[in-house]
Amino acid sequence: MICTPLRHAHMHKLGPLWLDVWRNLPSYKERERAWPHVVNELLMGMTWADPRQKLALYQELSKLKVTDRVDMLVRLESLQALQEKIMAKDLFHAPAPLLYGVHQLLMNSSMADQHGPLMHQRLAYQKAHSLSTLLVNVFNDYNRAHRKAYQAILNQGTEDKIQPELREIAVRHLTATLTRLPEERRDEPWVAKAINWLGRLGGGKARSLLLKIRDEKKYMVLPVWPSGCREAARAALAGNGRDERSRRDGGQ
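Counting with my numbering, you get residues 1 to 252 for the letters of the sequence shown.
Because the hints were derived from the structure by calculation, they are not lab data.
Any given hint might turn out to be false.
[Said to hold, decoys possible] Cross-link-like lysine-lysine pairs, in silico, DSS-like; alpha carbons within 27 Å at most:
no., residue 1, residue 2
1, Lys127, Lys193
2, Lys89, Lys65
3, Lys193, Lys148
4, Lys29, Lys13
5, Lys13, Lys63
6, Lys205, Lys161
7, Lys65, Lys85
8, Lys63, Lys148
9, Lys161, Lys65
10, Lys13, Lys127
11, Lys193, Lys161
12, Lys89, Lys63
13, Lys89, Lys148
14, Lys212, Lys193
15, Lys65, Lys148
16, Lys127, Lys161
17, Lys85, Lys148
18, Lys161, Lys148
19, Lys29, Lys63
20, Lys85, Lys63
21, Lys148, Lys127
22, Lys217, Lys193
23, Lys205, Lys217
24, Lys89, Lys127
25, Lys65, Lys127
26, Lys29, Lys65
27, Lys217, Lys148
28, Lys218, Lys205
29, Lys63, Lys127
30, Lys218, Lys193
31, Lys161, Lys63
32, Lys205, Lys193
33, Lys148, Lys218
[To be verified] Now the in silico label distances, taken between C-beta atoms and shown as ranges:
no., residue 1, residue 2, range
34, Pro182, Arg52, 12 to 20 Å
35, Ser110, Thr67, 13 to 21 Å
36, Asn108, Pro51, 28 to 36 Å
37, Ala56, Gly239, 39 to 47 Å
Because the structure is a prediction, the values reported are computed rather than measured.
Beta carbons: idealized from backbone N, C-alpha and C, even for Gly.
Sequences are here, hints too, so could you generate the full structure?
Following this line, the structure appears as structure tokens:
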């Protein structure tokens with residue numbers, strides 16, 4: 001294939017070539033056929049003279065919906081990059097939410113263990129969405145057990161409106177983390193942010209935990225949670241109550 005000699009002798013021409021080919025493909029189906037080959041070249045490493053062309057290709061690749069496309073992953077696995085376990089750093093330098101679809105497939109690939117920690121670092125750096133960033137920070141390090149949460153974070157992208165999948169996962173993870181959190185860690189800055197988000201996300205489990213944070217006492221006198229957490233819970237409960245009333249009034 002023409003990509004191999006170009007990759008060795010004129011690497012800076014490979015990306016613009018693929019961008020030109022992509023733009024001239026006549027149909028969505030043709031782009032689907034080409035997608036694994038372009039991503040393979042991206043994983044092998046592309047050099048760009050013009051960063052605008054690089055972003056243009058990333059934008060084009062990101063238009064295809066590939067999250068659940070096992071067939072795409074199978075075809076990508078058969079190509080050189082994953083066969084030889086090559087993953088260029090440029091994959092982790094795209095601005096959010098470009099290439100999020102590529103990350104979603106690679107989470108299930110034969111290089112998932114190499115890809116995951118680098119993706120985690122990139123999501124933490126990008127701060128594409130405040131709730132997503134909070135979850136990544138709560139996880140601290142990459143863990144394949146959180147794969148569904150990472151999928152929800154990537155699906156959320158930079159959208160303002162919280163998608164149901166992320167809402168459900170966030171409530172579950174935040175309530176579980178705060179419930180198990182040792183007393184000596186309750187003054188950490190992220191804790192108040194998590195409490196605030198639970199108020200915004202709503203739900204019975206979140207409200208029960210917020211009430212506990214606000215009201216729980218030791219020996220019937222001493223508050224169990226630090227004052228900053230209690231204040232955050234009080235504000236979250238007040239905001240949640242206003243939101244509930246607003247929803248009820250709007251539905252009448």
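Evaluated hints:
1. Lys127 x Lys193: Cα-Cα ~14 Å, so holds.
2. Lys89 x Lys65: Holds, at about 23 Å.
3. Lys193 x Lys148: Answer holds: lysine 193 to lysine 148 is near 22 Å, not above 27 Å.
4. Lys29 x Lys13: 25 Å, holds
5. Lys13 x Lys63: 23 Å, holds
6. Lys205 x Lys161: Given pair lysine 205, lysine 161 holds - Cα atoms ~21 Å apart, limit 27 Å.
7. Lys65 x Lys85: 24 Å, holds
8. Lys63 x Lys148: 22 Å, holds
9. Lys161 x Lys65: 20 Å, holds
10. Lys13 x Lys127: 32 Å, violated
11. Lys193 x Lys161: 18 Å, holds
12. Lys89 x Lys63: Measuring from Cα to Cα gives roughly 21 Å; hence the hint holds.
13. Lys89 x Lys148: Status holds; Cα separation ~24 Å.
14. Lys212 x Lys193: 17 Å, holds
15. Lys65 x Lys148: 17 Å, holds
16. Lys127 x Lys161: 16 Å, holds
17. Lys85 x Lys148: 24 Å, holds
18. Lys161 x Lys148: It holds: about 19 Å lies between the C-alpha atoms, which stays within 27 Å.
19. Lys29 x Lys63: 13 Å, holds
20. Lys85 x Lys63: Within the cut-off at roughly 26 Å; holds.
21. Lys148 x Lys127: 19 Å, holds
22. Lys217 x Lys193: Distance of about 22 Å is within 27 Å: holds.
23. Lys205 x Lys217: 19 Å, holds
24. Lys89 x Lys127: It holds: about 19 Å lies between the C-alpha atoms, which stays within 27 Å.
25. Lys65 x Lys127: Roughly 22 Å separates the two Cα atoms, so the pair holds.
26. Lys29 x Lys65: 12 Å, holds
27. Lys217 x Lys148: 35 Å, violated
28. Lys218 x Lys205: Given pair lysine 218, lysine 205 holds - Cα atoms ~22 Å apart, limit 27 Å.
29. Lys63 x Lys127: 21 Å, holds
30. Lys218 x Lys193: 24 Å, holds
31. Lys161 x Lys63: 20 Å, holds
32. Lys205 x Lys193: 17 Å, holds
33. Lys148 x Lys218: Violated, at about 37 Å.
34. Pro182 x Arg52: 12 to 20 Å: Given about 49 Å between the Cβ atoms, the range is violated.
35. Ser110 x Thr67: 13 to 21 Å: Holds, at about 18 Å.
36. Asn108 x Pro51: 28 to 36 Å: Check passed, 30 Å falls within 28 to 36 Å.
37. Ala56 x Gly239: 39 to 47 Å: Cβ of alanine 56 to Cβ of glycine 239: about 42 Å, so the range 39 to 47 Å holds.
Checked against the numbered hints above, the structure breaks hints 10, 27, 33, 34 and satisfies the rest.
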